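Peer 1: Place chain B on chain A using the hints.
Going down the list, the sequences are from chains A and B.
Here this note's numbering is used: the first residue of the first sequence is 62, the next is one more, and so on.
Here this note's numbering is used: the first residue of the second sequence is 321, the next is one more, and so on.
Derived by calculation from the structure, the hints in this document are not laboratory data.
This structure is a prediction, so every number in the text was calculated from the model and none was measured.
Just so it is clear, CB atoms sit at the ideal spot from N, CA and C, and this is done for glycine as well.
Among these hints, one or two may not hold up.
One side of the interface only, derived from the structure: several residues of chain B facing chain A at Cβ under 8 Å [claimed, not checked]:
hint, residue
1, Arg-375
2, Glu-405
3, Arg-432
4, His-454
Chain B stretches covered by chain A per the calculated footprint, using a threshold of three residues with CB under 8 Å from any CB of chain A [to be verified]:
hint, stretch
5, 335-347
6, 476-487
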Amino acid sequence: MNEDRDLDRLLDAWFADGPAMAHDRVVDGVASRISRQRQLPAWRLRSWRFPAMSSPLKLVLIGAALVAALAAGAVIVGGGPNGLGVMTPTPTPVPPPLPNGNLAPGAYTAHPVTGMTWTITVPDGWTGSDDWFLSYDLAPDTHAVSVGGPTENENAPADSCAAAGTAPAASVDAFVAAVQARDDWTVSAPVDVAVGGYSGSRIDLEVPADATCSNGHDYMVLAMPDGTGYRAHGQDRLFRLWILDVDGRPIVIFRSRYPNAPADRVAEGDAIVETSVIRP
Amino acid sequence: MDLELLAAAQRGDEAAFVDLIKVRSNRLFAIAQRILRDIDRAEDALQDALVIAWRDLRGVRDPDRFDGWLTRLVVRVCIAQATRERRRTANLRLLPVDGPAAPDELISVADRDVLDRGFRRLAPDQRAILVLHHYLGYAPSEIAETLGIPPGTARSRLFNAHRAMRAALEADARAAAAGGRTA
Numbered sequence: 062m063n064e065d066r067d068l069d070r071l072l073d074a075w076f077a078d079g080p081a082m083a084h085d086r087v088v089d090g091v092a093s094r095i096s097r098q099r100q101l102p103a104w105r106l107r108s109w110r111f112p113a114m115s116s117p118l119k120l121v122l123i124g125a126a127l128v129a130a131l132a133a134g135a136v137i138v139g140g141g142p143n144g145l146g147v148m149t150p151t152p153t154p155v156p157p158p159l160p161n162g163n164l165a166p167g168a169y170t171a172h173p174v175t176g177m178t179w180t181i182t183v184p185d186g187w188t189g190s191d192d193w194f195l196s197y198d199l200a201p202d203t204h205a206v207s208v209g210g211p212t213e214n215e216n217a218p219a220d221s222c223a224a225a226g227t228a229p230a231a232s233v234d235a236f237v238a239a240v241q242a243r244d245d246w247t248v249s250a251p252v253d254v255a256v257g258g259y260s261g262s263r264i265d266l267e268v269p270a271d272a273t274c275s276n277g278h279d280y281m282v283l284a285m286p287d288g289t290g291y292r293a294h295g296q297d298r299l300f301r302l303w304i305l306d307v308d309g310r311p312i313v314i315f316r317s318r319y320p321n322a323p324a325d326r327v328a329e330g331d332a333i334v335e336t337s338v339i340r341p
Numbered sequence: 321m322d323l324e325l326l327a328a329a330q331r332g333d334e335a336a337f338v339d340l341i342k343v344r345s346n347r348l349f350a351i352a353q354r355i356l357r358d359i360d361r362a363e364d365a366l367q368d369a370l371v372i373a374w375r376d377l378r379g380v381r382d383p384d385r386f387d388g389w390l391t392r393l394v395v396r397v398c399i400a401q402a403t404r405e406r407r408r409t410a411n412l413r414l415l416p417v418d419g420p421a422a423p424d425e426l427i428s429v430a431d432r433d434v435l436d437r438g439f440r441r442l443a444p445d446q447r448a449i450l451v452l453h454h455y456l457g458y459a460p461s462e463i464a465e466t467l468g469i470p471p472g473t474a475r476s477r478l479f480n481a482h483r484a485m486r487a488a489l490e491a492d493a494r495a496a497a498a499g500g501r502t503a
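The following block holds chain B by itself, in its conformation from the complex:
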């Protein structure tokens, strides 16, 4: 943590803030993209979150918690954006899947598509919890701190998110078997 940069940014030094976020933007973007499953929306959400971070930067009293605070802001903005999208367009539509299209050794294209469809069916906070757990490797206690919820709640939400994902995948498999529309 660069304490001098943070202190300067908190005094209103815009260049210092830009330096602070430059080294963090890739990680934060990856989180946003995985929650929103769309590069453009992830970029918009990340920009919004970072502008809020600038606005509220003077509220960060413990520099060691700056990264956690930033992560929380990004996740919250992504959840809010996904919630609005979900509510405003009730019927989920298939969007292009962002990211590399080439198959890799661990996961097939078919698996990726099924996971993408299932993931889009989840509530936004469930998506965020799965990203925090499986992408960032957060334990429930860290998820709790990031989302501002009690650890027990984080555990149960993680359990429910897994259950919802499994149900979404099963629904997808049933729809595929029936030859119907899957999303």
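Chain A extracted, bound-state conformation:
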């Protein structure tokens, strides 16, 4: 109990200590960005308060809403009281959020980049995690095939072991050029593709089998300016990148695999990417 109180006291003091003033650039940046951001109409926004409701009650309410919607739909499609019928747009159901853990086959929605929605359709046998990542695992945490959702502000680093300072690619072509500039990687010729309604390039690359860093850093394949990104590790060193032009921004989706990954699962990984629907 004393240990609990000690930890409470330490945490209280530690959190109380620290920066508490936002730099003016934060509000200035927001002011600049909202001038380019339209507000959504209220009818498109659900009320944010739905938290304390118990799951059974939630199910009852959802069920009641479905019954009401079906009943209303039957009246409208069936012609209504005057028998004329009304053409109404079919509502597009929103796939459920990508959960952590084993996935049932079907469509899921993830949010790999703030403000961006990524919808994919997944076959049986795949695992989801962290709202952006899917894998086919030969054993727990052994991602024989991986698919990573769209990311931005990235590039292929000039030096995978010193990736901090990597400037984000300004365009799809610039990204491809940065990958091709890596003469220590085996890189394919880029192929023109269209994924999720956006055009871009697809390129395959293989990092050396002994890709490790003697300076203790991770061996980065994709990097952001702060040096974080996606790393090659172990057998996970064969990459396919889809670099898409999304409203002028180069956005990257990747599929990586072990050399011994089952070919049908690799094909499934590519197929998952091809089902992408991206809403910036």
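Peer 2: Positioned in the frame of chain A, the structure of chain B alone reads:
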């Protein structure tokens, strides 16, 4: 709560929105910095959250809940950002500790470093819960409302976050005793 400013901002008045967030930015930044433990990332997350707030502002129907709604947006964006970072760079690396370096009366530099390393080992939602509880002084019911989870879940997550923090500190102490790499 300035009802007129909120109403104007909901009608699309950008200046009114900026006035609304100016007086709240310090508090929201402090929350983001404590979850992310990095000033630059906290500023990025806060900006992203405030742009989302502008976009979705017309969904706020109860002005009394505006501050809670904003806090929730910031916490969610921070959790998402921390989750991506954690997943994308699996091996945690020590980053510079932001904030004053001078010791104070309540907590030593050594304690601060140990806490920082332990905190970085936690899952992002556990970090957020500890910040809500220990920095904002939220009770489990308020944590529940902020995170959109049932109160019982908030209680158990708070318990687990404390347990994880304690385990992280113990692991750090063991690593230090063994002379090994601690993060």
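Peer 1: Take the hints in turn and mark each one as holding or not.
Peer 2: Going through the hints against the structure:
no. : hint    : in the structure
1   : Arg-375 : holds, 6 Å
2   : Glu-405 : holds, 6 Å
3   : Arg-432 : holds, 6 Å
4   : His-454 : holds, 4 Å
5   : 335-347 : holds (count 7)
6   : 476-487 : holds (count 3)
The structure agrees with every numbered hint stated previously.
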